[in-house]
Amino acid sequence: MSLQERKQRERADRARLIVATARELAEQQGWEAVTTRRLAERIEYSQPVLYSHFRGKREIIGAVALEGAAEMAAVLRAATAVADGPRARVVALARAYLDFAEHNPAVYDAMFQLDGGLAFAREDTPAPLKDAFAALLETLAEVAGEGVHPALFTETFWAALHGLATLTRAGRLPPEHTGPRVELLVDRLAVL
Numbered sequence: 001m002s003l004q005e006r007k008q009r010e011r012a013d014r015a016r017l018i019v020a021t022a023r024e025l026a027e028q029q030g031w032e033a034v035t036t037r038r039l040a041e042r043i044e045y046s047q048p049v050l051y052s053h054f055r056g057k058r059e060i061i062g063a064v065a066l067e068g069a070a071e072m073a074a075v076l077r078a079a080t081a082v083a084d085g086p087r088a089r090v091v092a093l094a095r096a097y098l099d100f101a102e103h104n105p106a107v108y109d110a111m112f113q114l115d116g117g118l119a120f121a122r123e124d125t126p127a128p129l130k131d132a133f134a135a136l137l138e139t140l141a142e143v144a145g146e147g148v149h150p151a152l153f154t155e156t157f158w159a160a161l162h163g164l165a166t167l168t169r170a171g172r173l174p175p176e177h178t179g180p181r182v183e184l185l186v187d188r189l190a191v192l
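Under my numbering, the final residue of the sequence shown carries the number 192; numbering is consecutive throughout.
Calculated from the structure, these hints are not laboratory results. Using N, Cα and C, we set each Cβ at its ideal position, and we do this for glycine too. One thing to keep in mind: the hints can contain errors.
[To be verified] Now the in silico label distances, taken between C-beta atoms and shown as ranges:
no., residue 1, residue 2, range
1, Ala-15, Arg-87, 38 to 46 Å
2, Gly-179, Ala-127, 28 to 36 Å
3, Arg-188, Ile-43, 43 to 51 Å
4, Ala-33, His-149, 36 to 44 Å
5, Gln-4, Arg-95, 40 to 48 Å
6, Ala-78, Pro-175, 20 to 28 Å
7, Phe-120, Arg-95, 21 to 29 Å
Using the sequences and the accompanying hints, generate a full structural model.
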């Protein structure tokens, strides 16, 4: 391995360490606790080293969001791959989405609540975000119904899931009714 290759690998490792540390700190104490100073202390590098990777907290949030989008896409695809039939796939998708949001609140916030400087629903949308949407679309397109644009249906269903996730987390909806809400959502929106 050349010196240049080793330096590139070390740089990539440091960037991953920064993102993992930010994510861990955010999951433990919330995004307010994530500062460049605290991150630099935790990773045992100077703030200038941190700034050589990310211009600030906004870019770190964006990096966590991209990582989370890739993870969510994998979780959704794994959940739907083992379900039998369109209805079972949509229910599995909805449950996996809500479980991901519940178990990864800081990542979910980075993806959908905070400004990570990422473009959504545009040409320059980063690939992990497009792939996360594609993971929804792959299942939801088959139940959109005749004459309904699959992407539009997916956006609407996703908005409903996002609403359920955020309202439940905020204590506005009782979590014990999540299952019936998913069933109602699937039965009323999906054409099965």
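Hints, verified against the model:
1. With their beta carbons about 42 Å apart, Ala-15 and Arg-87 fall inside the hinted range of 38 to 46 Å.
2. Checked against the hint of 28 to 36 Å, the C-beta distance between Gly-179 and Ala-127 comes to roughly 33 Å, which is consistent with it.
3. Between Arg-188 and Ile-43 the beta carbons are some 47 Å apart, a value that agrees with the proposed interval 43 to 51 Å.
4. Ala-33 and His-149 have their C-beta atoms about 42 Å apart, which keeps the hinted 36 to 44 Å range intact.
5. Range check, Gln-4 to Arg-95: about 47 Å between beta-carbon atoms, so the 40 to 48 Å window is met.
6. For the pair Ala-78 and Pro-175, the supplied restraint of 20 to 28 Å holds, since their beta-carbon distance comes to about 23 Å.
7. Between Phe-120 and Arg-95 the Cβ separation comes to about 24 Å, which falls inside the hinted range of 21 to 29 Å.
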